[in-house]
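Asks: Going line by line, the protein sequences match chains A and B. Letter by letter, the first sequence follows residues 38 to 267 of our numbering. Letter by letter, the second sequence follows residues 79 to 251 of our numbering.
Derived by calculation from the structure, the hints in this document are not laboratory data. The beta carbon of each residue, even a glycine, is placed where N, CA and C say it ideally should be.
Below, a list of computed lysine to any residue pairs in the SDA-like style, where the Cα atoms sit at most 25 Å apart:
1) Lys248/B to Ala69/A
2) Lys44/A to Lys248/B
3) Lys244/B to Cys89/A
4) Lys244/B to Ala69/A
5) Lys43/A to Arg219/B
6) Lys243/B to Ala76/A
Short derived list, chain A residues pointing at chain B, Cβ under 8 Å:
7) Ala47
8) Asp50
9) Glu52
10) Tyr78
11) Arg80
12) Ala81
Between beta-carbon pairs, the in silico distance windows are:
13) Glu140/B to Leu54/A: 21 to 27 Å
14) Leu251/A to Thr182/B: 41 to 47 Å
15) Lys43/A to Thr204/B: 15 to 21 Å
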Amino acid sequence: MCEFSKKLIALIDGELLECESAQLERHLRACAECRNQFARYKRASAAFDAYCEATFAAETRRKSSRWLPAAVAVGAAAAVIAALLIFTHKRAVQLPPQMSPPAEAAHVAAQPAEPAVIATNPAAAAHPIGSAIHRASRRHVGATVLCVRNVERETLSAALVQFSRVRNPTPFPPQPPIEIAIPADAMFPPGAVPPGMSFTAELTIAADGSPEHLGLRPRLAGFERSKNQP
Amino acid sequence: MALPLARLATDTSEATILYHELHKPLLRYLVCLGLTAYDAQDVVQDAFVSLHRHLAAGGSQENIRSWLFRVTHNAARNRQNSYQRRFSAPLDAEVEASVIDGATPEQAVLEKERFCQLHNAVRLLTPTERECLLLRAGGLRYREIGEVLGMATSTVGDTVERAIKKLAEKCNV
Chain A
38 MCEFSKKLIA LIDGELLECE SAQLERHLRA CAECRNQFAR YKRASAAFDA YCEATFAAET
98 RRKSSRWLPA AVAVGAAAAV IAALLIFTHK RAVQLPPQMS PPAEAAHVAA QPAEPAVIAT
158 NPAAAAHPIG SAIHRASRRH VGATVLCVRN VERETLSAAL VQFSRVRNPT PFPPQPPIEI
218 AIPADAMFPP GAVPPGMSFT AELTIAADGS PEHLGLRPRL AGFERSKNQP
Chain B
79 MALPLARLAT DTSEATILYH ELHKPLLRYL VCLGLTAYDA QDVVQDAFVS LHRHLAAGGS
139 QENIRSWLFR VTHNAARNRQ NSYQRRFSAP LDAEVEASVI DGATPEQAVL EKERFCQLHN
199 AVRLLTPTER ECLLLRAGGL RYREIGEVLG MATSTVGDTV ERAIKKLAEK CNV
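Could you put the whole structure together from the sequences, leaning on the hints where they help?
Replies: Below, the structure written as structure tokens:
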């Protein structure tokens, strides 16, 4: 083996003194074996650098893709809730009083899911907002009704409380929060969500009925905070 | 490499230059050691906070580059659960994907095979050899690598030479 071969990698790394480098470069022009070794070490060095870069790129990609499904889920949930709220809000505002016949009260009374205070109150049915609730609940039983109920806390509270007092002296009772169940398998790739993991969307609604804030909170079964826990 | 560090403690633009220059090499070093990208970000951020404190307290401005690598290296070692996990497992599917990304099917097969071979060769290196090569890939000189790992410069030269020769032999490049 050539005596210069031990300095080849130091030459690649620029760790030799100028005089040593010049001497080795002269030697490389003359020695084919050292030239081959030099090229080989350069290739190995470049391959290792590429390996590091690929490892780093893969980890960076993994990092950005890890929260992508959750971000998509938040976006989708926000879009659905916003669309429902805007739809029901517009209906409540646009319906004129004459388009809500009192006969609707009887129809709604037949639906057990409706709050009794609205369903049996003709005054509520004759009111534009009350009739909008009836229409929405009759045609879009389910999510739409939930949205209307949530909106009442701000926009519709005065009207509904007034209606409720006709038959019921207590104010309109506070409504439970909206709960939208989205199966994890519909949004995340298989295995991305650990078993027992679920997400709770928290929505704040502004006084004008538009969504003000939406957050997504992960929840793991068995780790819920107990009621007594501070 | 000499960095313009004289005004680092007072001139924020110098610190910004240093951050831009070393942020990615530090992250890459930590990720290649086996830390996740999140852990690596934490460690690098902590290292720059420590640097700020070090300089604000009137610490030495010599060899800041190797100082930062040494701080991040020690922090990575303290995270024993993730340290060097990268080399204890077969080639990651994500790494494979990034290697063959954009290649034709024939190129993809060849590249994948070459990288599997390289990964296995890297796994056979000793931890010190790997660390020397990773720091060298981060642009550090032998003297700086020695400062990070607490080794003599000549020992670093021998270690790097041995590691490169092993890789060339195992990968048949």
